[in-house]
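Just so you know, the protein sequences line up as chains Z and E, in that order. If you read the first sequence in UniProt numbering, its first letter stands for residue 1, the second for the next number, and so on. If you read the second sequence in UniProt numbering, its first letter stands for residue 1, the second for the next number, and so on.
Worth flagging that the hints you see were computed from the coordinates, not collected in a lab. Each residue gets a CB set at the ideal place from its N, CA and C atoms; glycine is no exception. Be aware that a few hints might be false.
Some chain Z residues close to chain E (C-beta under 8 Å, calculated; not the full set) [said to hold, decoys possible]: (1) 7; (2) 10; (3) 12; (4) 19; (5) 20; (6) 29; (7) 45; (8) 72; (9) 73; (10) 76; (11) 78; (12) 152.
Number of protein chains: 2
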Amino acid sequence: MDDIEQLIAMLARLPGLGPRSARRAALSLLRNPETRMLPLARLMEQAATTVQTCSSCGNLDVVNPCHICTDTHRDRSIICVVETVGDLWALERSSIHQGMYQVLGGTLSALAGLGPEDLNVVPLMHRIEAGEVKEVILALGATVEGATTAHWLQEKLSSTGVIVTRVAHGVPIGGALDVLDDGTLAAALMARKQL
Amino acid sequence: MDDIEQLIAMLARLPGLGPRSARRAALSLLRNPETRMLPLARLMEQAATTVQTCSSCGNLDVVNPCHICTDTHRDRSIICVVETVGDLWALERSSIHQGMYQVLGGTLSALAGLGPEDLNVVPLMHRIEAGEVKEVILALGATVEGATTAHWLQEKLSSTGVIVTRVAHGVPIGGALDVLDDGTLAAALMARKQL
Ligand SMILES: [Zn+2]
Ligand SMILES: [Zn+2]
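The following block holds chain Z by itself, in its conformation from the complex:
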């Protein structure tokens, strides 16, 4: 494969790009090496160093802890548990959640071989043990894996005394959180119910 074919192949591997859009993106980059391709290349090399995973909530940010974890205007007593950073970003765009987050990094999945030890929950338990948390909102996808994970987390948190809620139905069955429009997300979060 020459550099052009390789560039198209690497772009096509990104989520959201099919073979056709990968070709169009590659062409646009190749036709504008100085104004598009090199600036993007340099930015990606830079971002590989500057962008880190927040050791507290699991968000991606240029600072660690992330800007959400250090924001003194947010409600530290409510933690919203999400599967991915994409879900966190989707909730942030809806501006409805004023509390903190915990990004699990996935769901329990026998198929994918993901067990409890693969999910990022230790920082959540630490924050709960520290006594500042009143409510944990489970904002997981309405999938089998999401439901399994919600059930497992509910059990795990039952002895801690915190209120565990989950986002209301409204998340389409089988759907992922980060493809929802902001209104649906906001409605689902507002109408959350205690488990």
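Chain Z is already provided as a structure; the job is to place chain E with the ligands on it using the hints.
Same frame as chain Z, but now just chain E with the ligands:
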């Protein structure tokens, strides 16, 4: 803007990516810096040097002249004129054209301020003057600009003695060539008619 927002913004500027797919692509890159982001960054930096515009036909390739221009199995007597490299690639995928190409790099457009001097036709005229060309196929989009450009080229080539054809209707009105399926493209090319 921090590096994350900037990465999303730069990706969203690529054709084929909306804000949502740009976010998903950025996340995928940021979550896999070593396996995805840095390899792609390095490939783009490399491609900025290796990929060149073919001085003969205007194609993009890692060699100049491009692999089509140096392919001795292709018919040098037929030149297919296209607007963009994307159109050339689309025709190559359909495998129906066994001749050569000329990429204009655009169309005549009063709106975009593009005149005859902005189109890459000098190499085409040289090849015609060299006496090896029998037919020029105009494979331009069925847009006002495409039709204007076809008409202008037909005039320009009328005194040279080469047969000028254009691809058959089948290219949807208002449509660009490189979003057509291979079958439509092939049919349009097969049913070309002399002007
Ligand atoms: Zn954080
Ligand atoms: Zn060439």
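- May I ask which of the numbered hints given earlier this structure violates, with the numbers listed in increasing order? 3, 4, 8, 9, 10, 11, 12
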